[in-house]
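Please build the complete structure, drawing on both the sequences and the hints.
Using numbering that gives the first Met the number 0, the letters of the sequence shown correspond one by one to residues 0 to 529.
Each statement offered as a hint is correct.
Computed beta-carbon distance windows for the label pairs:
1) D192 x L304: 24 to 34 Å
2) E174 x D382: 30 to 40 Å
3) H501 x S470: 39 to 49 Å
4) R315 x Q170: 49 to 59 Å
Only pairs whose alpha carbons sit at most 27 Å apart, straight line, appear in this in silico DSSO-like list of lysine-lysine:
5) K295 x K223
6) K224 x K236
7) K224 x K298
Derived from the structure by calculation, the hints contain no laboratory data.
Bear in mind the structure is a predicted one, so any value in this text is a computation, not a measurement.
Built from N, CA and C at the ideal position, the CB exists for glycine as well.
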Amino acid sequence: MICPLPLVSQPSSIIQNTNVQNDISIDDQDTPIPTSPPLNQQHYDSQHQIFNEQGQEIGSLNVNNNDEFILVKRNKKKIKTNHQHYQHHQQYQHYPQHHVLHQHHHQPDAPTNKNIITTNTSLQRNSLLPSTSPTYSHNHEMDMKNVISEQAIRFAQTRFPFPPIIIKFAQDVNENFIIKSIEKHFNDHFYMDLSIAGHRLKGKRDLILFAGNRESFVLLYDDKKWPQHLNSIVFEKAGAKHLPAQFSIILRNVPIDINIDELLVNIKNDYPDVVNAFRISNEDEKPTTLVRLDIKCIKIIDELLKKKFMYANNIRYTVTEYISPAKVLVCTKCYQIGHFRGVCKSELQICRTCGTSVMNVKDHQCDKIKRCIRCNGPHEASDNHCPLIKAYRIDLTRSLLSTSSNITGMNQNVQQNYIYNKNDYPQLNGNKDGHPWYNDSLTATNRRLDELVQKMDKLNQNINRIMDFNSNSYNQHIQIHQLIVKQDHDIQLHQIDLSFQHDFVSQFVSPICQLMLDVIPTMIKKKSNK
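Right, dumping it as structure tokens:
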């Protein structure tokens with residue numbers, strides 16, 4: 000099973016609005032979500048800088064190169080900066096990870112805030128960053144869609160591994176008390192310590208939780224495991240509507256003519272923890288022989304991945320791990336691919352629906368006619384069905400997988416380059432060349448090996464004799480059995496013959512004899528009277 004993604008601690012001021020159903024990160028400034036305190040996280044190290052949408056420096060960003068955690072510290076005084084003259088000399092170093100794609104694309108919308116990160120990635124703009132001109136060339140974007148920016152790679156690797164669980168209250172609550180109450184409930188009733196990767200309280204009424212592992216997420220995901228009240232406060236649970244990719248497996252070679260609903264019913268007979276089944280489509284939206292299963296039991300998932308097969312309706316299917324597509328980073332200012340809003344060079348904002356360039360999208364009156372700013376297609380700019388986003392996601396996925404494969408191969412090559420040299424391990428006593436003890440030991444070993452070979456030959460001969468004896472005994476047993484069967488058959492025939500004769504005598508011969516005994520005296524008597 001693929002390990003969960005490394006986590007990035009993101010305060011509310013830097014969380015991107017992740018439209019997870021579309022596999023796109025959208026920092027939607029139109030979303031009516033109030034600002035809130037920073038997301039609670041731990042682990043932080045080296046310095047980065049953070050800027051809001053207007054280019055104001057709002058704090059220092061601490062990053063741990065090993066754990067990929069980020070912490071934002073707000074400065075007391077905001078300093079205005081000009082993005083047009085920002086120095087792009089620092090180069091971000093990319094750390095590939097083997098599990099970068101282990102995320103589900105069916106997740107609820109994540110919380111939004113207008114402040115975002117300017118990562119220490121190569122701020123020397125690549126071809127995917129839009130220019131300051133509000134007009135974009137469709138052919139140019141089509142030609143450059145395969146260029147993967149380091150910001151996009153960074154974004155795909157450092158998302159929370161699980162979708163958020165949102166707890167909504169009807170009154171203001173204390174965040175720490177609610178967290179302790181939730182942990183106490185699951186510890187008392189299910190004997191498990193929850194692993195919470197991060198949490199924050201939005202508007203003092205909406206608590207957003209991020210699970211740290213699969214065990215914690217499956218507990219938080221199940222509505223039946225939640226109490227009716229938290230600290231005597233009524234609440235409503237929202238958030239994840241589907242299980243993420245960590246709870247999915249792939250069935251291979253499932254015929255196209257098999258109905259998915261019937262297949263799901265057959266699988267649930269043996270595996271009741273299977274929740275959903277989906278047939279995967281190819282790039283042409285045609286069904287394939289791959290079927291994705293969502294399973295809520297971690298033990299069953301690990302068991303099936305270890306077995307590598309499962310049976311459904313007496314048919315054996317190959318089971319493999321499910322790897323979801325990578326998340327695509329889309330700027331929510333110009334709606335181009337591959338960079339954050341905070342480093343966008345565009346002077347104008349783009350309407351997500353109609354694609355119109357305006358100075359302030361809040362004052363824009365949209366005509367509600369959908370037109371993609373990238374491909375001019377009849378869909379919104381944030382739609383994951385955009386052909387440019389699809390192509391970019393494919394290239395990004397391949398890039399991440401190839402990077403991980405190269406690192407794994409390099410590690411294996413380093414381990415395989417070891418060469419044994421006998422001179423590095425000399426004999427402890429004396430010189431090994433011509434040493435009498437060394438020669439005597441070798442001779443004794445060879446003699447013992449010869450004796451062992453002779454004993455093995457004798458043992459093989461004895462085994463062959465035993466096998467021949469067993470074969471002969473088996474043949475004799477078969478012959479005796481056949482003879483017994485034949486004798487039983489003859490006895491049955493003899494019994495049938497005796498039964499027939501007995502019936503014949505009793506039902507035919509005996510009545511005739513009795514009749515004759517009765518008639519003959521009468522005839523003799525009549526004859527004598529004459």
